[in-house]
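Undergrad: The task is to assemble the complex, starting from two chains supplied on their own in separate frames and drawing on the hints.
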Amino acid sequence: MSLLAILGVLSSAIFSGTSLLYTTLGETLHQRAGIVNLGLEGIMLISAATGYRVAVETGNPYIGILVAMIVGGLTNMIIGFLVVTRKANQLASGLATMFFGFGLSALIGRDYVGVRITPLPRIPFPGTANLPLLFASLFRFDFLIYLVIPVAVLIWWLLFRTRWGLGLRAVGENADTAFASGRNPFWIKYQALGIGGMLAGLGAAHLSIAYTMNWSQFMTGGRGFIAVALVIFSKWHPLRAIGGALLFSGAVAFQLMLQSSGVRVSPFLLDTIPYLITLLVLIIWGGTRKHAAPASLGRVYQGGQQ
Amino acid sequence: MKSKIFLILAILITSALLVTACQPAVEEPVVEEPVVEEPVVEEPDVEEPVEEPVVEEPEEEEVVVEEPVEEDEGPCLIIGALHGGPITDAGYNQAMHESVMTIKENIPCVEIIVAENVPEEAGATSTMVNMIQQGAGMIIATAFNHQYPAIELAEQNPDVIFQHAGGWELRDNFGNFFTEPPDTWYMMGVAAGLMTETNKLGFVGAFPLGWTNTFINSFTLGAQSVNESVETIVAFTFDWGDSAKEADATNSLINQGVDVITMHVDSPATVISTAESRGAYSIGFQNLAAQDYAPEYWISGIGHTLGGTLTWLTSNVIDGTWEPIFLRCGIGAGCMAMAPFGPNVPQEVQDQVLEVKDAIVDGELTVFAGPIFDQEGTERVAEGEELPVAMMGSVDWYVQGVIGSPQ
Chain P
1 MSLLAILGVL
11 SSAIFSGTSL
21 LYTTLGETLH
31 QRAGIVNLGL
41 EGIMLISAAT
51 GYRVAVETGN
61 PYIGILVAMI
71 VGGLTNMIIG
81 FLVVTRKANQ
91 LASGLATMFF
101 GFGLSALIGR
111 DYVGVRITPL
121 PRIPFPGTAN
131 LPLLFASLFR
141 FDFLIYLVIP
151 VAVLIWWLLF
161 RTRWGLGLRA
171 VGENADTAFA
181 SGRNPFWIKY
191 QALGIGGMLA
201 GLGAAHLSIA
211 YTMNWSQFMT
221 GGRGFIAVAL
231 VIFSKWHPLR
241 AIGGALLFSG
251 AVAFQLMLQS
261 SGVRVSPFLL
271 DTIPYLITLL
281 VLIIWGGTRK
291 HAAPASLGRV
301 YQGGQQ
Chain C
1 MKSKIFLILA
11 ILITSALLVT
21 ACQPAVEEPV
31 VEEPVVEEPV
41 VEEPDVEEPV
51 EEPVVEEPEE
61 EEVVVEEPVE
71 EDEGPCLIIG
81 ALHGGPITDA
91 GYNQAMHESV
101 MTIKENIPCV
111 EIIVAENVPE
121 EAGATSTMVN
131 MIQQGAGMII
141 ATAFNHQYPA
151 IELAEQNPDV
161 IFQHAGGWEL
171 RDNFGNFFTE
181 PPDTWYMMGV
191 AAGLMTETNK
201 LGFVGAFPLG
211 WTNTFINSFT
221 LGAQSVNESV
231 ETIVAFTFDW
241 GDSAKEADAT
251 NSLINQGVDV
261 ITMHVDSPAT
271 VISTAESRGA
281 YSIGFQNLAA
291 QDYAPEYWIS
301 GIGHTLGGTL
311 TWLTSNVIDG
321 TWEPIFLRCG
331 IGAGCMAMAP
341 FGPNVPQEVQ
351 DQVLEVKDAI
361 VDGELTVFAG
371 PIFDQEGTER
381 VAEGEELPVA
391 MMGSVDWYVQ
401 GVIGSPQ
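If you read the sequences in order, they're chains P and C.
Residue 306, in the numbering used here, is where the first sequence stops; the numbers in between run on with no holes.
Residue 407, in the numbering used here, is where the second sequence stops; the numbers in between run on with no holes.
This is chain C alone, in the form it adopts within the complex (with noise of 0.2 Å):
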């Protein structure tokens, strides 16, 4: 009998040391005194963004902030960011939570909630009304999966702004953002077009899901507009996390003699670290950090740069000109951004790279334009088309080229 109200005593113990380290971490707000010195003049970080994000409201007109901060009295927004994973991933969430400081760099009277780690739903409504008791004003979701949760939380406090990453729905009170990753990656596959010498590029995935396959096929598309006879050779690991799967996948692909790897799993390091210590090129995503990885067989990679965009919104929900937007936004509107080049990439790949990525810039190209046939050879876009946005998140065949099955 004593043993049994033990080993309840224990269980309760255990989990109650569990539920405290699995808490999100939110952080303390960081609540710094607006500096009084330089109280304006935020003007030239915030303009830069604001020529191009908007993509479904063309009539927007400049907007510049005015007096952002008001002195002498609390923070003049606080704003609860919220992110599935931990903030230091190298990855997306790193990335997410760099371009969400940026706003209090540009905006010193803001002040930030950080909470990281919050991977699923209920624990994201807890968080967000946490945060909103905290007097939140504007609440940024980065991970896929918080959509809902903020939607009902926005139908419940019509007075807090929420800004989602990546989703599509909008409300009186709920837009969403995102960057438009996959023209940066057929800029990325002109780059391992160029460098590959087996002709064989490897990609490893956590699931084959509808983006993952649109960034497959635009690195693909992008390889062969340079190289006729590329091939993409793909391998899921079927876990975002699972590094002993990642590596085996990359040495995998390293075998079937594939040269230039790149990966979309949530932290770059395990494949990216691999592929280095077999003397294959890697090509990064998500966050520009995951150079440090390779240090000689670096090509180059993209990261979300979103700070400006978001510094951007803040400013609108200060001064009340917010409006729910769907907003994508690429490389050529600072949403992304190209790392440097490896050393050992030559200077006749990087200037053929810098020319697609100006015409990206431009708008002169655009990747998924017709005709664009499938692996067995059906017409997937047809002649004169193009591939519409929406339609790239349920993407489920691969285009000729790519080694492997979607599905």
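The following block holds chain P by itself, in its conformation from the complex (with noise of 0.2 Å):
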């Protein structure tokens, strides 16, 4: 095992961490308001989709990431709908909209399968352009992977030192004690579903236009629900979703190297791995008293005038 695998996971482990981290950041926004977004998935696969259409279509890649963001924040806007505004049940909206997802994506997608784009440019991370080029084009990175950490900070700093944060917590919390003092639940629950939609549009740009530079259907491979995974296993904290995303990306990428390592392990164990880790985190978590878990998740608002 040599020096360039072991940073090549922790390369991988950004790269493809960071399209699962802000789908993540936008899941604890949807969940600190009281909703549980199920229909990410079908959100990214419509937000990648649509993003790279785009940038074939401009030749920019910049506008395809703006429009990923766009379309993710308006594609949420169904779910918004259903579960805000039609009261509906929160679980199976998501569920619907997923698999409404998968169709739309596939449409949108159909003629730009394998099509090439114009890659976002890759900025050296400091100190490393002079490494011989195997190291260094492991760090590399695009700019969206620079902007992910900032918009955790922002994210948390949003949650927890704005007004705006804490009357979205409170709607997550209570929604009936946010409306009497004087919040609009849900006004607030759609602000957190635009965000968050547009947060995980963004995490699918990054998948598709700046990282693999291709469509294909379900190309996201549940990348979706891992978040809804994530932001439990960092107990609705942006910073700690930080911590998870490199942890399941990084355990992905660390399996592929015990593969390409020639570990004679079978390599249908080795997939698992990411996952028993997920799990093994979950019983860890479990264990704890404190549940940081918004107190009414789930709950359908009915409203403040009885």
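Hints were generated in silico from the structure; no laboratory data involved.
Quick caveat, the model's predicted, so the values are computed rather than measured.
Fair warning: there could be bad hints in the mix.
With a straight-line cut-off of 25 Å between C-alpha atoms, the simulated SDA-like cross-links for lysine to any residue are [what the hints assert, rightly or not]:
#, chain 1, residue 1, chain 2, residue 2
1, C, Lys-200, P, Leu-133
2, P, Lys-235, P, Gly-165
3, P, Lys-235, P, Thr-162
4, P, Lys-235, P, Leu-147
5, C, Lys-200, P, Ala-136
6, C, Lys-200, P, Gly-262
7, C, Lys-200, P, Leu-258
8, C, Lys-200, P, Leu-10
9, C, Lys-200, P, Ser-137
10, C, Lys-357, C, Thr-378
11, C, Lys-200, P, Ser-266
12, C, Lys-200, P, Pro-132
13, C, Lys-200, P, Val-263
14, C, Lys-200, P, Arg-140
15, C, Lys-200, C, Asp-351
16, C, Lys-357, C, Ser-405
17, C, Lys-104, C, Phe-178
18, C, Lys-200, P, Leu-3
19, C, Lys-357, C, Pro-295
20, C, Lys-200, C, Leu-354
21, C, Lys-200, P, Val-265
22, C, Lys-104, C, Arg-328
23, C, Lys-200, P, Phe-135
24, C, Lys-200, P, Leu-270
25, P, Lys-235, P, Ser-137
26, C, Lys-200, P, Gly-165
27, C, Lys-200, C, Lys-104
28, C, Lys-104, C, Asn-316
29, P, Lys-235, P, Val-36
30, C, Lys-200, P, Leu-7
31, C, Lys-104, C, Ser-405
32, P, Lys-235, P, Leu-154
33, C, Lys-200, P, Phe-268
34, P, Lys-87, P, Ser-181
35, C, Lys-200, P, Leu-134
36, C, Lys-200, P, Asp-176
37, P, Lys-87, P, Asp-176
38, C, Lys-200, P, Phe-139
39, C, Lys-200, C, Gly-210
TA: Written out as structure tokens, the structure reads:
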């Protein structure tokens, strides 16, 4: 196991963890406002496909990323309409949106499978530019990667250091109390969904436009659900989500590294490592007394006036 | 109460949208009026592949297509072609789609109905029934799991000819066809073995299936034939299309010192463009178009070019001489082709690879000729014997020099 292989795991963890982290941050906002959004997988697929298509058509990856963000936010409005305005069941609405996303994204991306795009420029991480090419190429990141930790800090600051964040968390804990103190839970939930959807769209754009430079059907491979698990994993905290996303994508990269270093263990078994780690952490977390879950998570808010 | 009604309504609308979006896109049949100006003389195109493709039917003589066009009537034959994935994937489905569309170029009077994205059996059955109702006299099913749905329909529709890609079953009106990739993988192995500087080759696979393992073995044997110290490192993604994992796997292999990458996944786009961005050489499989992703570090690639064979089968259906055969044809018969070499491949390497290609075309080279030992040193093919084709689909061992676990 060479130094390059170990650094490689770190590099892969950062590359594939970025889209996961954006999405997890989005879901953290949803859940802090009391909404479990199981539609993320579909929203990511729609954003990835639309963003990719726009990036191909305009020849400009930045416009593609912008569109993917907007599309993510707008698609989340479907869920918003269902669960906030229509007061529908959150799990059913999320799953329906997910299946809707499977179909719609396949349609949007249909003629764009395997079409080439202009990649995002990759900027060397400070101090790594003079390393040998094989090492240096591990640490040349696109701007979305550099941006992801500041975004996580920003979300933390918004949630825990601003009045807006206080209102959002209050809605997630007890929407009636929030309403009594002069907030509008409906409006706040829509805001959380809008911003969260944009973050998920950003994550999806990183996946298709920046990292894999490719669109293929079902390309998110369950990352929308992993993000939901990571929110619980990080106890609804944006900064802990950084660790969660890195740990999960690091585990994927680690098992691939084990495979390619010739460990004589069945690859079927190695492929389960990331999920085993997730289970393990959930077991450990499950034992602690303090639950950080928003109190009215998943509950339908019936409105302030009785 | 009202909200429940709305919920049900919303779910219904969403599922309706979903169902329409997921519907396999059956393209409107391309009805072209048969071109009257040049009705006959399609022979030159059709004749060429006829020489070799028949493997199990040695007595087959040269078949020439006489008057394939019946002017003034409708299409001489309606062909329904269905594919498991999108026909623009730069991979297997696109290669098969292009092969099917070659029939139309060679025999203009046929009409082709194309359905893509038909991954599962139930969808395949309904798609084929739909095609038969539209008058299809021949069905070409190219996904592996279309075989049994197609056989079922073949028994119900004795007048319709079914051709399946990659299967092994035969019925009165059900034949199969495919290429012989293992030989060409050997050829690509030679190229890789000559190009590598680190003596480490990388293979990104979706699943450790029998055929994938055979490709890996063949690739490695080819590389070892020109470079004794070469190793092939294998990484599996357990998904035919998880691009991010493919990129991770490619990076992971390169970080182990691999400098030539190849793959067996649905679309080669991500693996090849990732290798290119890391400065590693790549070798393509399935579709020749994969070269576009690696302008600089492309070595070569192999793809399915079954147009000639399918044209020949179609002409047999039209003139009533079609028989169910187990058809496998290789690069010698034009069923597979090699992509052009990349700009960084030296002339000596090109010459050596082309020599091997000639040996394969002339039938002088047997890839899996014994003795062949697996990773543990167990003899898998004895001296003087060779691995039968029927066994290649169920190989669960790797030759010596492959790093990785096959199960």
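Undergrad: Look at each hint and say if it fits the structure.
TA: Verification of the supplied hints:
1. C:Lys-200 with P:Leu-133: Holds, at roughly 18 Å.
2. P:Lys-235 with P:Gly-165: Distance of about 16 Å is within 25 Å: holds.
3. P:Lys-235 with P:Thr-162: It holds: about 20 Å lies between the C-alpha atoms, which stays within 25 Å.
4. P:Lys-235 with P:Leu-147: At roughly 22 Å apart (the allowed maximum being 25 Å), Leu-147 of chain P and Lys-235 of chain P satisfy the hint.
5. C:Lys-200 with P:Ala-136: Holds, because 20 Å separates the two Cα atoms, which is no more than 25 Å.
6. C:Lys-200 with P:Gly-262: Holds: Lys-200 of chain C and Gly-262 of chain P sit about 12 Å apart, inside 25 Å.
7. C:Lys-200 with P:Leu-258: holds (16 Å)
8. C:Lys-200 with P:Leu-10: Roughly 22 Å separates the two Cα atoms, so the pair holds.
9. C:Lys-200 with P:Ser-137: Holds, because 19 Å separates the two Cα atoms, which is no more than 25 Å.
10. C:Lys-357 with C:Thr-378: violated (30 Å)
11. C:Lys-200 with P:Ser-266: This hinted pair holds, its Cα atoms lying about 21 Å apart.
12. C:Lys-200 with P:Pro-132: holds (19 Å)
13. C:Lys-200 with P:Val-263: Within the cut-off at roughly 16 Å; holds.
14. C:Lys-200 with P:Arg-140: holds (24 Å)
15. C:Lys-200 with C:Asp-351: holds (22 Å)
16. C:Lys-357 with C:Ser-405: Roughly 30 Å between the alpha carbons, so the hint for Lys-357 of chain C and Ser-405 of chain C is violated.
17. C:Lys-104 with C:Phe-178: holds (19 Å)
18. C:Lys-200 with P:Leu-3: Given pair Lys-200 of chain C, Leu-3 of chain P holds - Cα atoms ~17 Å apart, limit 25 Å.
19. C:Lys-357 with C:Pro-295: OK: Lys-357 of chain C and Pro-295 of chain C at ~23 Å, within 25 Å.
20. C:Lys-200 with C:Leu-354: Roughly 22 Å separates the two Cα atoms, so the pair holds.
21. C:Lys-200 with P:Val-265: holds (20 Å)
22. C:Lys-104 with C:Arg-328: Roughly 22 Å between the alpha carbons, so the hint for Lys-104 of chain C and Arg-328 of chain C holds.
23. C:Lys-200 with P:Phe-135: holds (17 Å)
24. C:Lys-200 with P:Leu-270: Roughly 22 Å separates the two Cα atoms, so the pair holds.
25. P:Lys-235 with P:Ser-137: Distance ~34 Å between Lys-235 of chain P and Ser-137 of chain P Cα, so the pair is violated.
26. C:Lys-200 with P:Gly-165: Violated - the C-alpha atoms of Gly-165 of chain P and Lys-200 of chain C are around 53 Å apart, more than 25 Å.
27. C:Lys-200 with C:Lys-104: At roughly 43 Å apart (the allowed maximum being 25 Å), Lys-104 of chain C and Lys-200 of chain C break the hint.
28. C:Lys-104 with C:Asn-316: Holds: Lys-104 of chain C and Asn-316 of chain C sit about 15 Å apart, inside 25 Å.
29. P:Lys-235 with P:Val-36: Distance of about 14 Å is within 25 Å: holds.
30. C:Lys-200 with P:Leu-7: holds (19 Å)
31. C:Lys-104 with C:Ser-405: violated (44 Å)
32. P:Lys-235 with P:Leu-154: Distance ~17 Å between Lys-235 of chain P and Leu-154 of chain P Cα, so the pair holds.
33. C:Lys-200 with P:Phe-268: holds (23 Å)
34. P:Lys-87 with P:Ser-181: With a Cα-Cα distance of about 22 Å, the restraint between Lys-87 of chain P and Ser-181 of chain P holds, given a limit of 25 Å.
35. C:Lys-200 with P:Leu-134: holds (15 Å)
36. C:Lys-200 with P:Asp-176: At roughly 64 Å apart (the allowed maximum being 25 Å), Asp-176 of chain P and Lys-200 of chain C break the hint.
37. P:Lys-87 with P:Asp-176: Given pair Lys-87 of chain P, Asp-176 of chain P holds - Cα atoms ~15 Å apart, limit 25 Å.
38. C:Lys-200 with P:Phe-139: Holds: Lys-200 of chain C and Phe-139 of chain P sit about 23 Å apart, inside 25 Å.
39. C:Lys-200 with C:Gly-210: holds (23 Å)
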